[in-house]
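J.: The primary structure of each chain is shown beneath.
Protein chains: 2
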Amino acid sequence: MISDRDRAMMARAIQLAWRGRYSTHPNPRVGCVIARGNRIVGEGWHERAGEAHAEVRALSQAGYEARGATAYVTLEPCSHYGRTPPCAKALIEAGVAQVFAATTDPNPSVSGRGLDMLREAGIRVTEGLMGDEAARLNPGFMKRMRTGRPWVRLKMAASLDGRTAMASGESQWITGPEARQDVQRLRAMSDAILTGVGTVLADDPSLTVRRDEMGDTGDATDPSRQPLRVIADRDARTPSTARILRGGNVQVFCASSTLATGPAQDLAALGVRLTGVAWKDNGVDVSELLDALGELGINELLVEAGPTLAGTFINENLVDELWLYQAPVFLGSTGRPTAHLPIEVMADKVQWKVLDRRQVGEDQRLILARH
Amino acid sequence: MISDRDRAMMARAIQLAWRGRYSTHPNPRVGCVIARGNRIVGEGWHERAGEAHAEVRALSQAGYEARGATAYVTLEPCSHYGRTPPCAKALIEAGVAQVFAATTDPNPSVSGRGLDMLREAGIRVTEGLMGDEAARLNPGFMKRMRTGRPWVRLKMAASLDGRTAMASGESQWITGPEARQDVQRLRAMSDAILTGVGTVLADDPSLTVRRDEMGDTGDATDPSRQPLRVIADRDARTPSTARILRGGNVQVFCASSTLATGPAQDLAALGVRLTGVAWKDNGVDVSELLDALGELGINELLVEAGPTLAGTFINENLVDELWLYQAPVFLGSTGRPTAHLPIEVMADKVQWKVLDRRQVGEDQRLILARH
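Going line by line, the protein sequences match chains A and B.
Going by full-length UniProt numbering, 132 is the number at position 132 of the first sequence; the sequence numbering is gapless.
Going by full-length UniProt numbering, 237 is the number at position 237 of the second sequence; the sequence numbering is gapless.
FYI, nobody ran anything at the bench for these hints, they're computed from the structure.
Treat the hints with caution; some may be incorrect.
For identical chains, the list gives no copy identity; a pair is met inside one copy or between any two copies.
No farther apart than 27 Å at their CA atoms in a straight line, the calculated lysine-lysine pairs in the DSSO-like style are these [unchecked claim]: (1) Lys349 <-> Lys155; (2) Lys280 <-> Lys89; (3) Lys155 <-> Lys353.
Small disclaimer: the values here were computed from a predicted structure and weren't measured.
Please construct the entire structure, taking both the sequences and the accompanying hints into account.
T.: Written out as structure tokens, the structure reads:
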């Protein structure tokens, strides 16, 4: 029997987990509440890889009051020795009587083991309470464990008439400062940011998280962490002076035949990692790219690319969330389209489901998923 | 001294006036409340041209209780004998003690006369209470009296990537049934609907109000009234079989030199009115067209046109309200743009102010004005 109290406690655990939205990479975001009846005796959330897990922090706050208490965790407690001892063991040793786990570990090879360990120790275990809400904490972690590929967010900033730049390429700024701040947060949520060499050559973006531009979110940050910068660059044309290369942590996907060339070796000498993947007429083989990024442990990928690469992602139905920032302007019919997307007949139109719509300064932010 | 009670009474009068939103043409929408203290003793609104004015209806409901009462009117009472006797006279004869008028008559040749008539009869008169709200009842009436031109609403139905049709011209349907119902209401609000001959030839629209598709609005309708259909058609190419010609009440603006040609005379023989106006390289001289429509008594003009005519209206800054219905779809980069609008540099972008944004079925309706 699940009570409203149980739901409220799990909601609190989920809320705590979100505090790690910008900082737990590559670990999942996890929250934990320990309660005796209506009284919360311990709360915890995972803040950074290598630091204490949510359960351990909540248990440490609860102290002796954990004995006989109920623990609410957003993700199945781990059962293995990693950088920290298994959380399932910690819960058992603390003497908790009951555990609610919103989700099981999505990794098929360990899924259910933590809960089994608890059950074997005589703890009452309930799975799935607010499971959908908890799964949303870690869409990339969940998807990568299931499919081997990261969760893909495609970001676009466009006018009401669907343009992202003038014909000349001029594009700064379409959206207002609030939307640009929001994009900084979106980057901070991401494990990696993907762009194409065309954008590197045209706009020379750094694609870094600038924490001073994120605003005060109240959430944890990890100032030492930058998302992996990823460039689709068949011929290794990224200039050695490109801003995106500053600070390192850059991965270039080029054609396999490019790997042995001078330009590729020049980039490698700068510390850039290069991987050969397949290319098609209209650009990189995006499916292969996503598989490779999954193997690199990328959970959440942000695509900030020009119309060609963006169009490929949409066209091949590989976008999990389209984050569309819409400015209340018209850029005119000669402006650049949001995505190169050849559609001949109305029946082939791309239909979106609006997951979220909100005002961000003067602009509107839509989060869309394929219908 | 204006009290909250006065504001509440005027708000009610404005609410009543809106019931005529689809039916008072060419008259303005007007509401009237007659109150004794907190007690409303009479309410009225103008429903159709030729029928009783708002004040007369409210007075008739109030009966002898109008003596010594306060009248709240959204528009200055008329002072002239038209199809009905002057309302100012009716208020005087009924013995009201005080009149609040939200707006004065925008017609410069009669403005203030009705209020003067009341004052001369010893009635206490207060102008301007909720004047902005009341003026919004009749944007076209107000604007035409001031400038000689109608209020211009440009309607567009577009995708999130700013397309209104496929390259082939295929466009049915971008938006959902709720948005199309909303457009029927928008048409019913309008005195005239303007399109270009290109749209007539390509889509053969009827551009009529289909009252059975309006839904139940709770407002009055005038089943016998259709907005004037207006076609910008330089060479009188509108086919005699075009749907837009059915039911009559069509005005074609052509080149003056076209008037004497066979095609023009064929249209005239079908009862179509033709007027010669100036044409430029990119189409009709829109300023001249608006002057001509103002002379025809058109208060509120709805533009439902293709990208060329729509682009001219935007480019020449002649749009008072852009009604943009946005469907949550992408039609692709080969689709037709919302408006032909050549803009070279970001500094020349068209900046909109969002007056209203709401969900209409699956679509989003934005009402925009130039910033």
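J.: All hints, please: hold or fail.
T.: Here is what the structure says about each hint:
{"no.": "1", "hint": "Lys349 <-> Lys155", "verdict": "both (20 Å within a copy, 22 Å between copies)"}
{"no.": "2", "hint": "Lys280 <-> Lys89", "verdict": "neither (50 Å within a copy, 82 Å between copies)"}
{"no.": "3", "hint": "Lys155 <-> Lys353", "verdict": "both (16 Å within a copy, 24 Å between copies)"}
The structure shown violates just one earlier hint, number 2.
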